[in-house]
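*Asks:* Using the sequences and the hints, build the whole thing.
Protein sequence lines correspond, in order, to chains S and R.
Residue 9 is where the first sequence starts when you use my numbering, and the numbers rise one by one after that.
Residue 3 is where the second sequence starts when you use my numbering, and the numbers rise one by one after that.
No lab work stands behind these hints: they were computed from the structure.
A portion of the hints provided could be inaccurate.
[What the hints assert, rightly or not] Derived lysine-lysine pairs resembling PhoX-like cross-links, with alpha carbons at most 25 Å apart:
| # | chain 1 | residue 1 | chain 2 | residue 2 |
| --- | --- | --- | --- | --- |
| 1 | R | K127 | R | K138 |
| 2 | R | K175 | R | K149 |
| 3 | S | K21 | R | K125 |
| 4 | R | K147 | S | K16 |
| 5 | R | K109 | R | K83 |
| 6 | S | K102 | S | K243 |
| 7 | R | K147 | S | K21 |
| 8 | S | K16 | R | K138 |
| 9 | S | K89 | S | K71 |
| 10 | R | K154 | R | K125 |
| 11 | R | K175 | S | K27 |
| 12 | S | K21 | R | K107 |
| 13 | R | K103 | S | K18 |
| 14 | S | K27 | R | K109 |
| 15 | R | K110 | S | K255 |
| 16 | S | K18 | R | K179 |
| 17 | R | K147 | R | K174 |
| 18 | S | K198 | R | K110 |
| 19 | S | K247 | R | K154 |
| 20 | R | K178 | R | K154 |
| 21 | R | K113 | S | K14 |
| 22 | S | K171 | R | K178 |
| 23 | S | K18 | R | K23 |
| 24 | R | K23 | R | K78 |
| 25 | R | K138 | S | K255 |
| 26 | R | K23 | S | K210 |
| 27 | S | K250 | R | K109 |
| 28 | R | K178 | S | K18 |
| 29 | S | K145 | S | K205 |
| 30 | R | K127 | S | K243 |
| 31 | S | K14 | R | K138 |
| 32 | R | K107 | S | K18 |
| 33 | R | K110 | S | K14 |
Just so you know, these numbers come straight off a predicted model, no measurement behind them.
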Amino acid sequence: MHRIVKPKNKRSKRFLDAKESQIIENTKTAMFIRGSQTSDVVNNALKEIYIMKKPNAVMFTKKNNIRPFEDFTSLEFFSNKNDASLFVFGSHNKKRPHNLVMGHLYDYHLLDMFELGIESFQSMNSFKNTKLTVGSKPCLVFAGELFNSDHSYKRLKYFLISKFLPGSDGAKRPPRWARACPLLHCCDGKVVLKSYKTLLKKSGTKTPRVELEEIGPSMDLVMRRTHLATTDLYKRSLKVPKTAKPKKRKNISIDAFKTTHGRVHMEKQDLGNLQTRKMKALKRVREEKKQKEAQPRNKELRSQCIRVRNKILIKPA
Amino acid sequence: MAASTNELVQDVLESVKKQFKSITVEKDIEVDVDCGNLLVCDQNPIDIKLYRSNRNEFISSLARDNTQLLFNQIWKLPIHKVDDVVVAEIPDPQIRIPREKPVPKAKKLTKWQEYAELKGIQKRKRSRLVFDEETKEWVPRFGYKSKNDLKKDWLLEVPDNADPFEDQFAKKKGEKKERVAKNELQRLRNIARAQKSKVPGIGLIPKLQQSQDEVNQAFHLAKKSTASIGRFEEKLPKEIVEKNSRKKRKFEPTFGQLDKEKDREKKILNHILLGKPKLDIAKAVNKEMRDGEVVEDERESRRRQKGRGSKKALPKSVRRGNRGNKSSYR
Numbered sequence: 009m010h011r012i013v014k015p016k017n018k019r020s021k022r023f024l025d026a027k028e029s030q031i032i033e034n035t036k037t038a039m040f041i042r043g044s045q046t047s048d049v050v051n052n053a054l055k056e057i058y059i060m061k062k063p064n065a066v067m068f069t070k071k072n073n074i075r076p077f078e079d080f081t082s083l084e085f086f087s088n089k090n091d092a093s094l095f096v097f098g099s100h101n102k103k104r105p106h107n108l109v110m111g112h113l114y115d116y117h118l119l120d121m122f123e124l125g126i127e128s129f130q131s132m133n134s135f136k137n138t139k140l141t142v143g144s145k146p147c148l149v150f151a152g153e154l155f156n157s158d159h160s161y162k163r164l165k166y167f168l169i170s171k172f173l174p175g176s177d178g179a180k181r182p183p184r185w186a187r188a189c190p191l192l193h194c195c196d197g198k199v200v201l202k203s204y205k206t207l208l209k210k211s212g213t214k215t216p217r218v219e220l221e222e223i224g225p226s227m228d229l230v231m232r233r234t235h236l237a238t239t240d241l242y243k244r245s246l247k248v249p250k251t252a253k254p255k256k257r258k259n260i261s262i263d264a265f266k267t268t269h270g271r272v273h274m275e276k277q278d279l280g281n282l283q284t285r286k287m288k289a290l291k292r293v294r295e296e297k298k299q300k301e302a303q304p305r306n307k308e309l310r311s312q313c314i315r316v317r318n319k320i321l322i323k324p325a
Numbered sequence: 003m004a005a006s007t008n009e010l011v012q013d014v015l016e017s018v019k020k021q022f023k024s025i026t027v028e029k030d031i032e033v034d035v036d037c038g039n040l041l042v043c044d045q046n047p048i049d050i051k052l053y054r055s056n057r058n059e060f061i062s063s064l065a066r067d068n069t070q071l072l073f074n075q076i077w078k079l080p081i082h083k084v085d086d087v088v089v090a091e092i093p094d095p096q097i098r099i100p101r102e103k104p105v106p107k108a109k110k111l112t113k114w115q116e117y118a119e120l121k122g123i124q125k126r127k128r129s130r131l132v133f134d135e136e137t138k139e140w141v142p143r144f145g146y147k148s149k150n151d152l153k154k155d156w157l158l159e160v161p162d163n164a165d166p167f168e169d170q171f172a173k174k175k176g177e178k179k180e181r182v183a184k185n186e187l188q189r190l191r192n193i194a195r196a197q198k199s200k201v202p203g204i205g206l207i208p209k210l211q212q213s214q215d216e217v218n219q220a221f222h223l224a225k226k227s228t229a230s231i232g233r234f235e236e237k238l239p240k241e242i243v244e245k246n247s248r249k250k251r252k253f254e255p256t257f258g259q260l261d262k263e264k265d266r267e268k269k270i271l272n273h274i275l276l277g278k279p280k281l282d283i284a285k286a287v288n289k290e291m292r293d294g295e296v297v298e299d300e301r302e303s304r305r306r307q308k309g310r311g312s313k314k315a316l317p318k319s320v321r322r323g324n325r326g327n328k329s330s331y332r
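*Replies:* In structure tokens, the structure reads:
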């Protein structure tokens with residue numbers, strides 16, 4: 009191991025190994041932090057998003073006096089210790105009521121940060137129906153042109169995708185299941201977030217008809233301040249390692265009968281320099297030599313087939 | 003008749019169809035469905051009037067339409083069964099999302115790994131348990147409760163050529179400590195090589211937490227390691243300068259002086275073949291006397307431990323051993 013301080017037991021070693029940068033990354037962990045002053049709305053909002061994000065989430069129980077937009081170092085420290093690259097920080101004061109600061113980090117340093125104010129909030133308890141199990145993975149729907157036109161909203165979209173991204177547990181997912189479906193929607197400059205449970209109903213065809221039933225928290229968010237990363241830092245964070253990309257197999261083709269054909273490219277051979285004297289197959293048999301000496305040299309004979317040691321070489325006329 | 007049956011069939015089909023709602027969704031601008039991320043991006047402009055008139059319904063219908071499109075796409079994907087569960091293979095995600103940590107750099111190989119690669123040595127997986135013939139049990143190969151566990155030695159043989167007063171247990175423990183320290187040194191050296199940082203030579207073990215003495219030693223060594231043996235180095239305000247460290251080791255040139263070499267070799271040969279064993283009589287006598295004192299001292303300490311032995315029977319100098327008058331026994 010290339011660590012100066014060796015981990016004392018296997019458990020800590022596993023944690024440190026998971027913390028290292030990997031080719032295919034783990035699911036991102038989010039930390040939920042409360043500021044020094046919070047309101048009921050903010051507390052409930054934090055709790056409910058935490059439930060949605062479980063088990064890849066950490067909820068801080070104590071209140072922290074942090075101002076993310078002024079000094080980000082304490083949040084970076086928390087991220088390092090908890091191995092969490094996403095954070096949601098909730099606070100409430102007169103100037104910014106019901107405030108949620110969400111963001112993500114790259115290499116334990118701040119990447120993007122968005123301050124969203126909660127305009128209206130309805131908790132999960134107000135929707136009287138059965139909910140989904142914790143840990144079920146959502147499918148996301150973004151509606152509204154603002155998510156593609158405005159730069160900050162675009163970044164917000166990418167952040168929210170990374171936040172709710174299902175873990176990479178293989179490329180397989182069962183098609184018959186009921187899942188939450190947070191809807192993010194932009195109109196009037198507000199971002200409306202709603203969660204639904206999908207119900208699959210019969211349709212005439214193989215593909216089922218989807219019906220939605222609202223379960224989860226529903227909130228209207230207004231974008232206040234943002235801190236966006238520089239384009240080059242963002243580009244660096246998007247880099248995909250070479251080994252993760254699938255390798256192209258060149259010069260191999262499979263035909264209709266499922267036989268693999270390969271193509272081999274040879275360099276050009278100088279046929280004039282071929283060593284023919286040492287190739288046994290090209291040597292004449294003794295009897296033939298005698299025969300040839302006996303016979304008079306005839307132009308006609310030369311153009312005929314020459315039988316050389318059980319192999320027939322056809323000389324061009 | 004045929005026409006009526008056809009009509010019947012059509013009627014039945016239509017009625018069946020009416021039972022179920024359609025799964026097709028119409029949109030102005032095509033919706034971007036990313037199956038890899040289970041994501042739908044709808045760029046259609048939102049009808050503000052509809053939105054304001056009946057908010058919740060509008061949103062839920064919008065959500066339903068988009069989710070339907072996503073599920074339509076998912077149902078088109080290839081399916082296989084895994085443990086009685088029908089599973090669809092989702093493709094790679096289209097939208098790239100920022101990573102949480104930078105791309106990992108290739109780790110540099112350790113010295114052993116480089117050698118193994120060169121020689122083509124493969125790593126062999128060894129079993130954790132080994133059958134011990136003496137106890138007829140499966141014991142771990144190393145560590146706690148293994149065959150060579152130090153805690154098991156209640157008896158250690160003293161080999162013939164060893165000193166009878168040597169503590170074999172302490173010796174074994176010491177050897178283990180040395181092995182552990184050597185391993186640690188080599189591990190840190192590998193790390194230093196990977197990071198391309200310089201490691202101090204013999205005499206200084208790279209440690210994370212160094213004691214004051216070790217830091218002192220390192221400092222003095224560093225100061226001496228100049229061509230003029232630290233003579234022109236700046237002196238710190240509270241530094242204690244070592245006095246006799248100015249001598250430079252002189253080495254003979256490795257080649258050229260054949261007569262000197264010849265003389266040297268001849269001398270050595272003479273000593274070996276002709277010369278008598280070197281015996282410094284004075285030194286030998288002193289050693290004997292000192293050893294005798296040590297034995298006396300030990301007996302005294304044992305007497306003291308057992309009971310109220312005569313503390314003041316022997317003179318102070320003998321009691322204290324060598325620490326007494328040094329010149330008395332010269």
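*Asks:* All hints are to be evaluated individually against the structure, with a verdict given for each.
*Replies:* Now for the hints, and whether the structure bears them out:
no., hint, verdict
1, K127/R x K138/R, "holds (23 Å)"
2, K175/R x K149/R, "holds (16 Å)"
3, K21/S x K125/R, "holds (21 Å)"
4, K147/R x K16/S, "holds (19 Å)"
5, K109/R x K83/R, "violated (39 Å)"
6, K102/S x K243/S, "violated (37 Å)"
7, K147/R x K21/S, "holds (23 Å)"
8, K16/S x K138/R, "violated (32 Å)"
9, K89/S x K71/S, "holds (17 Å)"
10, K154/R x K125/R, "violated (31 Å)"
11, K175/R x K27/S, "violated (36 Å)"
12, K21/S x K107/R, "holds (19 Å)"
13, K103/R x K18/S, "holds (23 Å)"
14, K27/S x K109/R, "holds (16 Å)"
15, K110/R x K255/S, "holds (24 Å)"
16, K18/S x K179/R, "holds (23 Å)"
17, K147/R x K174/R, "holds (17 Å)"
18, K198/S x K110/R, "violated (51 Å)"
19, K247/S x K154/R, "violated (55 Å)"
20, K178/R x K154/R, "holds (15 Å)"
21, K113/R x K14/S, "holds (19 Å)"
22, K171/S x K178/R, "violated (51 Å)"
23, K18/S x K23/R, "violated (56 Å)"
24, K23/R x K78/R, "holds (19 Å)"
25, K138/R x K255/S, "violated (53 Å)"
26, K23/R x K210/S, "holds (8 Å)"
27, K250/S x K109/R, "holds (15 Å)"
28, K178/R x K18/S, "holds (23 Å)"
29, K145/S x K205/S, "holds (11 Å)"
30, K127/R x K243/S, "violated (42 Å)"
31, K14/S x K138/R, "violated (35 Å)"
32, K107/R x K18/S, "holds (24 Å)"
33, K110/R x K14/S, "holds (18 Å)"
Hint compliance for this structure: hints 5, 6, 8, 10, 11, 18, 19, 22, 23, 25, 30, 31 are not met, and every other hint is.
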